[in-house]
Amino acid sequence: MSWLDKIIPNAVRSEVKEERRSSVPEGLWKKCVKCEAVLYRPDLERNLNVCPKCQHHMRIGARRRLEIFLDEGDRKEIHVNVEPIDRLKFKDKKRYRDRLSAAQKSTGERDALVAVEGKLFGMPVIAVAFEFNFHGGSMGYAVGEKFTRSAQTALEKNIPLVCFAASGGARMQEALISLMQMAKTSAVLERMKQFSIPYISVMTDPLYGGVSASLALLGDINVAEPDARAGFAGPNIIEQTIRQKLPKGFQRSEFLLEHGAIDMIVPRGELRGKLAGVLSKLTHSAMSPREEERQIDVPVLTETPAVFAALEGELVVADDDLTGDSTLPRSEP
Amino acid sequence: MNPNYLDFEQPIAELEVKIEELQLVGSDNDINIGEEIANLRAKSTRLTEKVYSNLTAWDIVKVARHPMRPYTMDYIPRVFTDFDELHGDRHFGDDNAIVGGLARLDDEPVVVIGQEKGRSVKDKVARNFGMPKPEGYRKALRLMQLAERFSLPVITLIDTPGAYPGIDSEERGISEAIAQNLAVMSRLKTPIICLVIGEGSSGGALGIGVGDHLAMLQYSTYFVISPEGCANIIWKTSERAPQAAEAMGVTSAVLQKLGIVDATIEEPLGGAHRDLDLIASRVKQHLVEQLRQQRELPVETMLENRYARLMSYGND
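As you go down the protein sequences, you meet chains A and B in turn.
If you count the first sequence from 1, position 276 lands on 276 in my numbering, and the numbers rise without skipping.
If you want my numbering, it's the 1-based position in the second sequence plus 1000.
Please keep in mind that the hints were generated in silico from the structure rather than gathered at the bench.
Please note: incorrect hints may appear among the correct ones.
To be verified - Derived list of chain B stretches under chain A, where covered just means 3 residues or more per stretch with a C-beta under 8 Å from a C-beta of chain A: (1) 1105-1118; (2) 1165-1179; (3) 1224-1237; (4) 1253-1264; (5) 1306-1315.
Said to hold, decoys possible - Just a few of them, taken from the derived set where beta-carbon distance is under 8 Å, the chain A residues facing chain B: (6) 92; (7) 145; (8) 242.
Virtual Cβ for every residue (Gly too), placed ideally from N, Cα, C.
For reference, chain A alone in the conformation it holds in the complex:
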């Protein structure tokens, strides 16, 4: 288990594992971790990785996030050259440098934040998204710096900033430099506030620690996806401290809404339209996305093929057997 798996709260971790285990197999079919429905992958993707049956919002990567949020075309990735720096020459069981290279190789990203300048219903915006698969979306120098530069670009161009945060917190291996990224990102957001440039923070599952206690809670508008977990301290730490079981729904989006931390919960499929509507009002733009444009196409569910449906009941135990190609229909139905 990597260090990353260990910092993620247990509840979150078990789901990471489950999600990995239950991808049945790396192919056309995927099982929903929540309702265990077997889903045809193209349908799932058309539905923005939200289970069409139970509406569970599966995690998605940074690039996919930005791709489904921004208008097609007119997109430019910005501040690409920001690289992580190992100032402390941190070493535990492995060198941090080696861990970084491994993460870069496996994700194809330089660090855990992707920034794109693009349009939302024709409105220019800067959108940034955390890549949770890169060191748990943790914030070290590179994430803090890229976020800050993106905010500065928003300031210079006088256009809104939207952030999709998913993070385990500050990055341990950069120690106090990571902590100071909290101060840095909060400072640049405060500057945006003074120039009345809108910043919308979208909290996605999971979101904890230093990122939560800085840039993610500072939105002019704070939004969360349904059922996302977000909080300062991970559930394990709280349970250890107070020696009590945590109440059901603790630190979920609904909990955040009830306690006044966020303005609204918006399902993934409605984010584009909802945020465009909010931003157009904040920026006094005439543009108001028409209702039908706000809705994404609801996919027609592909019927689960008979051969697969027969297996469905046994899927929970039969996962491993299903990794071979032979039993699964691979062709387009």
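Add chain B to chain A, keeping to what the hints say.
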């Protein structure tokens, strides 16, 4: 083991016991043992110097958390005069883990805000062992805004095991409370001087730690995650905390090299708790000097410097 001494200080503790015993003998005996006592004292000092010149990062963490370590409430009456404590966040309650109020520093009015762990068991409980909840950070914010309104500089004393990880803390938005302080402190139109006096643990410390100048006491510590927490994640045991402390660089020496900490205030031999008046006078001298320097600058320049410094964190 003598509880007033840390594990690595035990040889010093043994010498001190001998000195004490001799003094008792001396008082009801005619034999002149003054010379012997003086010798032992000199030896004890040399030993302390030797021990303290070779402290590991983990040793320093232990000194920073020493049960006799001076806390905010020890510094306030020795560094400031005329302290009026102010209470409450005006929304929910008053948090005793953060103390704040009006005071005078060398006759100049200031706002002082500090985290307080509490000395006696009862006091520790009342102060939640120095772990602030959202209302603590919001009280601090209120006092900082009051300081800005009345042109009073802000002095913050950092000493916390972290913001409180509990259900109520989350319900009342601990993340937002800290984030808000970071944002507002970055542009508060009055000087902010920050000093880590003991344990600066992560976001809970930073929540009152953004300013124009950041100093640390020589044997204080500042980290993004406690060495025990870090060791637990990497090695699955807090016993590797010494290694984690070393790897993260939790001392002022390392942090000053990284450009995060501006100055280190030297502590009395054997740590701040060995001579409270001495460390308090050094703290006062430092604060007065820093305030004088900040006040020489036009406010706009001070704010530009503060912002530029924030933006530079992590750059080479």
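Structure-based check of each hint:
Under a criterion of three residues with beta carbons nearer than 8 Å to beta carbons of chain A, the stated coverage of the segment 1105-1118 of chain B fails, only 0 such residues being counted. As drawn, the segment 1165-1179 of chain B meets chain A at 13 residues by the rule of a beta-carbon pair under 8 Å; at three or more, the given contact holds. Counting residues of the segment 1224-1237 of chain B whose C-beta sits closer than 8 Å to any C-beta of chain A gives 8, which meets the bar of three, so the coverage hint holds. Counting residues of the segment 1253-1264 of chain B whose beta carbon lies closer than 8 Å to any beta carbon of chain A gives 4, which meets the minimum of three for the stated coverage.
Judged by the Cβ-Cβ criterion of 8 Å, the segment 1306-1315 of chain B is covered by chain A as claimed, because 6 of its residues qualify and three suffice. The interface hint given for residue 92 of chain A is met, as the beta carbon of that residue sits about 4 Å from the closest beta carbon of chain B, less than 8 Å. Checking residue 145 of chain A against chain B: minimum C-beta separation of about 6 Å stays under 8 Å; hint holds. This hint holds: residue 242 of chain A has a C-beta 5 Å from the nearest C-beta of chain B, less than the 8 Å allowed.
The structure fails to meet hint 1 from the earlier list, while all remaining hints are met.
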